[in-house]
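Visitor: Sequence:
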Amino acid sequence: MRPPHRAGPRRWALLPAVVLVLALSGLAAGCSSSTPAYCTDASQLKTDVQNLGNVDVATNGLSSLQSALSSVQTDAKNFATDAKSAFPSQTTALDSALSGLQTAITSAKGQPPATAAASVASSVVQVKTSASDLQNAISSSC
Numbered sequence: 001m002r003p004p005h006r007a008g009p010r011r012w013a014l015l016p017a018v019v020l021v022l023a024l025s026g027l028a029a030g031c032s033s034s035t036p037a038y039c040t041d042a043s044q045l046k047t048d049v050q051n052l053g054n055v056d057v058a059t060n061g062l063s064s065l066q067s068a069l070s071s072v073q074t075d076a077k078n079f080a081t082d083a084k085s086a087f088p089s090q091t092t093a094l095d096s097a098l099s100g101l102q103t104a105i106t107s108a109k110g111q112p113p114a115t116a117a118a119s120v121a122s123s124v125v126q127v128k129t130s131a132s133d134l135q136n137a138i139s140s141s142c
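In my numbering, the protein residues as written are 1 to 142.
Simulated from the structure, these hints should not be mistaken for laboratory data. Please note that a few of the clues may not be correct.
[What the hints assert, rightly or not] Under the rule of at most 27 Å between Cα atoms (straight-line distance), these lysine-lysine pairs were calculated in the DSS-like manner:
hint, residue 1, residue 2
1, Lys128, Lys109
2, Lys77, Lys46
3, Lys109, Lys77
4, Lys128, Lys77
5, Lys128, Lys84
6, Lys109, Lys84
7, Lys46, Lys128
Quick caveat, the model's predicted, so the values are computed rather than measured.
Can you make the complete structure from the sequences, with help from the hints?
Guide: Given below as structure tokens:
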């Protein structure tokens, strides 16, 4: 006849391993860094705004600026989809600055490259300023 069931030494040997696995899974869950979805969009937007600021309109013409602007507009739209409710004033200011730059580019068409560059310069600065304000606003979240 067998004595009542007792945990054998092998079962007790597994206990520390089980406890370790449970503790590590709890730590992993507690330490997970969940960043908002818009952080990736913000990073791409920052890169494209920097590229926009580096366009040499006098040398490369307005089409190069229009191309860079299109990239920024796409990224700004993607960002706004995820973050407009969290940063409404900053996304609205950036959208306004982008619209102003688009208008400046349209108005500068047909002008000599140096004149066109001067015509759009202040609008490019406004876009960069608005994007910088947005980056500052999200810096604590991303």
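Visitor: Confirm or reject each hint.
Guide: Hint-by-hint comparison with the structure:
1. At most 27 Å may separate the alpha-carbon atoms for a hinted pair to count; Lys128 and Lys109 meet this at roughly 22 Å.
2. Under the criterion of a C-alpha separation no larger than 27 Å, the hint pairing Lys77 with Lys46 is consistent with the structure, at around 13 Å.
3. The hinted pair formed by Lys109 and Lys77 meets the criterion: a straight-line CA distance of about 25 Å does not exceed 27 Å.
4. For the proposed pair Lys128 and Lys77, the alpha carbon gap of about 16 Å is at most 27 Å, so the pair holds.
5. Distance check on the hinted pair: Lys128 and Lys84 sit about 18 Å apart at the alpha-carbon level, within 27 Å; holds.
6. Between Lys109 and Lys84 the alpha-carbon distance is near 32 Å, which puts this suggested pair outside the 27 Å criterion.
7. With a C-alpha separation of about 9 Å, the suggested pairing of Lys46 with Lys128 holds against the 27 Å cut-off.
The structure is inconsistent with hint 6 alone, although it conforms to all the rest.
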